[in-house]
Structures are given as C-alpha cells and as structure tokens.
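Participant: One-letter residues, chain by chain:
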Amino acid sequence: MTRPHIATFALIALVALATGFVLAGQIRAQLLTPSNQLARYQALVRNVQELEATNADDRRQIASLRVQIDGLESEAAARSAATQALKSQLSDLRAHAGLIAMHGPGLEVSLRNGVPGPDTGGKAGYLINFQDVQDVVNLLFAQGAEGIAVNGRRITPLTAFSGSEGQIVIDQGTPFTAPVKVAAVGDRNRMQEALDDPSALPDIRARQVQFQVHLTFEGSPNVSLPAYDSSLQIPHVSST
Amino acid sequence: MSARPRTARRASRARGISVWLIALLVALVATVQIRSEAEVERSLVGIDSTSLAFLIDDLHRANESLDAEKAALVRLRAQLQSGQSGAADQVLTDEANRLRALEGLVPVQGPGVVMVIDASGLQALDLQDALNNLAAAGAEAIDVNQRRVVTGVPVTQTRDGVAIDGVVVVPPWKISVIGDVNRLAAVADLMAQQLRADRRVREATYRIDSDVVIRSVISERPFVYAVAS
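Just so you know, the protein sequences line up as chains A and B, in that order.
Residues 1 to 240 (this note's numbering) are what the first sequence spells out, left to right.
Residues 1 to 229 (this note's numbering) are what the second sequence spells out, left to right.
Calculated from the structure, these hints are not laboratory results.
For each residue, glycine too, the CB sits at the ideal point set by N, CA and C.
Errors might be hidden in some of the hints.
[To be verified] Sample of chain A residues with no beta-carbon within 10 Å of chain B, all distances over it, derived:
(1) R112
(2) V115
(3) Y126
(4) N151
(5) Q192
(6) E193
(7) A206
(8) T216
(9) F217
[Claimed, not checked] Calculated pairs, DMTMM-like style, for lysine to aspartate or glutamate (alpha carbon to alpha carbon, straight line, at most 20 Å):
(10) B:K70 / A:E52
(11) B:K174 / B:D126
(12) A:K87 / B:D126
(13) A:K87 / B:E220
[As the list claims (entries may be wrong)] Estimated spans, in silico, between C-beta atoms of each pair:
(14) A:D203 / B:V116: 19 to 29 Å
(15) A:E218 / B:V29: 50 to 60 Å
(16) B:S51 / A:A63: 44 to 54 Å
(17) B:R202 / A:S88: 48 to 58 Å
(18) A:R79 / B:A68: 27 to 37 Å
(19) B:S51 / A:P118: 18 to 28 Å
(20) B:S229 / A:A53: 25 to 35 Å
(21) A:T240 / B:V167: 39 to 49 Å
(22) A:Q42 / B:D189: 46 to 56 Å
(23) A:Q42 / B:T205: 30 to 40 Å
(24) B:T205 / A:G152: 36 to 46 Å
(25) A:D57 / B:T93: 30 to 40 Å
Looking at chain A on its own, in the form it has when it is part of the complex (with noise of 0.2 Å):
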C-alpha cells in the first residue's frame, strides 16, 4: 500500500468519524422532535399573528364606521333642534366613556423594564407587567385624571388589565410589552405630586431598587388621547 493510499484510508477513516459522532449526536439531540416542536411552535406564532392583523383590522374598521356614524349624526341634527340636543348629550357621554380622542394639560408616565436580578420564587420582578400598569392608572384616576391611554390605547369604564409575565393585555387589543407609555389629562400637578410620593406604588418602587426598573414621568400643557377603538358592548345590561 503507497503512502498516498495510507492518507486516503485516514481521511476517510476520519470523515466516517465525524459522520458517526454527529449522527450519534443527532440523535441524542433529537433533532427530530425539536424540529416537529419548532414547527408546532412556528404554527402557534403564525396563527397568533394573522389572529393579531385581524384584531388590528377590526379595530380600524371600527374607528372607521363611528367616524362615519359620527357623521351621519351630525348631518341628522343640522335637520332638527331636538335630534342636535340629544346629539350634544350623547358627544358628551361618548366622551366620558373614551370615544372621542381629547387633549388637554396633563402627564406622560414612562415605565421600563429593569435587569434580571437574583432569583424571586420564579416572578419576572424586573419586568413591567399589566398590574403595574394598572396601579399606575389606578393612581392617575384617583387623582383626577380626565382620559387616560396607555400605548395608544383609550381607557375606557369597562376596562381591565389582563396579561402573563411582561405581557400586556388592555381590553380586546393584541399584547404589548415594555417599554409602557401612560398618558393622562387632567391636573398634572396633582398627578406629578402623587407620582412624586414615595409611599404611591410600592410595588414598582420597591422593585425600582431591586431591579432597575424605570419609572420617569413628565408633565406636558398639551396631552393627546386617541378615541377608544374596540368593543364597548354591555349586552347582559338592561336598564331597571
């Protein structure tokens, strides 16, 4: 056998070798069930994401068809005094309810993620979750605020907060996660004041030490608010 012979036979000793050693890892990997798990997990993302362009379209067409609504009122009360005073009633209770966008001297509150920190029994402390959010609107509330929205999102009287670790869930909108941006109209001395008060929002506070996390807010003289755009309906309500 001719040394060049010798050197073949070695390589391909070697190659057969390394093929051996990454099927065996292959296997032990299992390359086959992560594969089917991506795939499901891939199933999964691809059907919360047509479900979250569809919720995004629902939600325009809705914007679309009270501006329209909106419209056709209008033209209704230029016709009659009585349908132009119940016009000017409804415009004030749509209002209130966070169906028209406002603006108005208030505050922006910024809320950010901290850094993990030392293990908390499982809980994600350095992330700014929806109870978070809620405290701080509930804050806000209590101290005057005429409209709040957070992200973009109109506060409404049958809002609710709902989410898992570092997601956010307001109402039937898709999940959003920090960076949280809450914005309100009202007295924004008050509200700063209460913001400033270092026994306000013990949760984020304490948590402001242990993991960073960022809580700024700023006082504006012109704060603009969207008009909620999703479900209002209350179809188990009847009047008494």
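Let chain A serve as the given structure and place chain B on it in line with the hints.
Facilitator: Showing chain B alone in chain A's frame:
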C-alpha cells in the same frame, strides 16, 4: 504500460471526490443541526407554547367581541342611513341610554354573580385586583357594598380602610357583578379559592344570580381640563 498509472489516477480521483462529498454531507448535517437548535432556542425566547395557546384563545375571544361591535355599528349606520322619520333620534336615545348604563350613571340589572368577601386587613390593592379580575372576565356592571364601580372610580387606601370614591367600604364586601355568568362564575370560583387560602380572609363565597340588580350610580363629573380633539 501507461494504462495502469492512468487507472490508478482515476481511482484516486474518485476516492478524493467521495471524501469531499462525505465531508460536504457532514458539514451540511452539522449546519442543519446547529441552525435548527439555534432557531428553536431563539424563537422560544420570551414565550412558551402554552402561553401562546392561551394568547390564541384570548385573541379569538377579543376578535369575536370586535366582530360583535362591528355588526352593531353597521346596524346603527344602516338605521341612520334609512332616513326614516325619527330614526336618528331613536338611535341617539338608545346609544345615550347604553352609555349611561356602561358609565354607571343609571341603575341596571341582569344575570351575574354575587361575591361576599369577609376579611380583616385587605388593602385597596386587593380590591382593585379583584375588580380587575372580574372586569377581565367580562363584567359589564359592578357594585361593592352599594357603591358603583367602573374603571376610573378611585379605590384608595385610607386610615379607616378601603374607600371607593372617598367612601369607606367596611367588610364584608358584597360584590355584585353583571355579565356573562359562565365566565364570571369561573373567575369568581378561582378568586374564592385563592382568597380562602389567605389567613386574613374569614369568608369568600359567590353565588350565581339570574337577576342581579344594581341600584347604585355614579355622578357624572364634567371635564375641566380635557377638550375634545
């Protein structure tokens, strides 16, 4: 004489090609392996499949609500477009009544649940969380000890206890809720179980009621700072 070296050279070239082919295959398999594992790892960051499944469920329900709202608005538009005498007035009156009920300005009734929580030491945050849980389960009207609650009504901690809109609500808290009974009952059941595990809680019960009557109302506050855009 020259045939043997040529054959040997051809055989050697074939071996070389097969070695390269095998090497290429190994590289390919290794790349696929590494990339697929990396992709799994990357895509699973932040959210697991179970959470995604819950998210899908929530989005389905949300989109159904949006569909119902769209259908209601389309009906409303059709009524207004009909141009019939009094149609606009009827639409405006109905819509105003619906919003008054939604904003807590008028007494309401309907199917729902009534929860009773008797505890000492529960804070405003506990009540806020309970109310938010019920709102997330589709509550359409809520009353706590004859105080009407909607999002925006302050639930605060005072020296004398928890206050709703400045009025202290002394335990036991009777929370009356109108909405989808199935969803509300499921959440009320979960809340009652969790509350019973709390040492501060003496009683946490709920009952389904086909006709919950809420008589308490909120006084509308005129806007001082906000201007319609």
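Participant: So, for every hint listed, does it hold in this structure?
Facilitator: Tested hints:
1. R112: holds (16 Å)
2. V115: holds (16 Å)
3. Y126: holds (13 Å)
4. N151: holds (16 Å)
5. Q192: holds (14 Å)
6. E193: At roughly 15 Å from the nearest Cβ of chain B, E193 (chain A) sits farther out than 10 Å, so the non-interface label holds.
7. A206: holds (13 Å)
8. T216: holds (22 Å)
9. F217: Since the minimum Cβ distance to chain B is about 16 Å, F217 (chain A) lies beyond 10 Å and the statement holds.
10. B:K70 / A:E52: holds (17 Å)
11. B:K174 / B:D126: At roughly 14 Å apart (the allowed maximum being 20 Å), D126 (chain B) and K174 (chain B) satisfy the hint.
12. A:K87 / B:D126: violated (40 Å)
13. A:K87 / B:E220: holds (17 Å)
14. A:D203 / B:V116: 19 to 29 Å: holds (27 Å)
15. A:E218 / B:V29: 50 to 60 Å: holds (56 Å)
16. B:S51 / A:A63: 44 to 54 Å: Once the Cβ atoms are compared, 29 Å apart, the range 44 to 54 Å for A63 (chain A) and S51 (chain B) is violated.
17. B:R202 / A:S88: 48 to 58 Å: holds (50 Å)
18. A:R79 / B:A68: 27 to 37 Å: Taking Cβ atoms as reference, R79 (chain A) and A68 (chain B) lie about 31 Å apart, which means the hint holds.
19. B:S51 / A:P118: 18 to 28 Å: holds (24 Å)
20. B:S229 / A:A53: 25 to 35 Å: holds (27 Å)
21. A:T240 / B:V167: 39 to 49 Å: violated (22 Å)
22. A:Q42 / B:D189: 46 to 56 Å: Distance hint for Q42 (chain A), D189 (chain B) is violated at roughly 35 Å.
23. A:Q42 / B:T205: 30 to 40 Å: violated (45 Å)
24. B:T205 / A:G152: 36 to 46 Å: holds (40 Å)
25. A:D57 / B:T93: 30 to 40 Å: holds (31 Å)
Consistency with the previously given hints fails for numbers 12, 16, 21, 22 and 23, ordered from lowest to highest.
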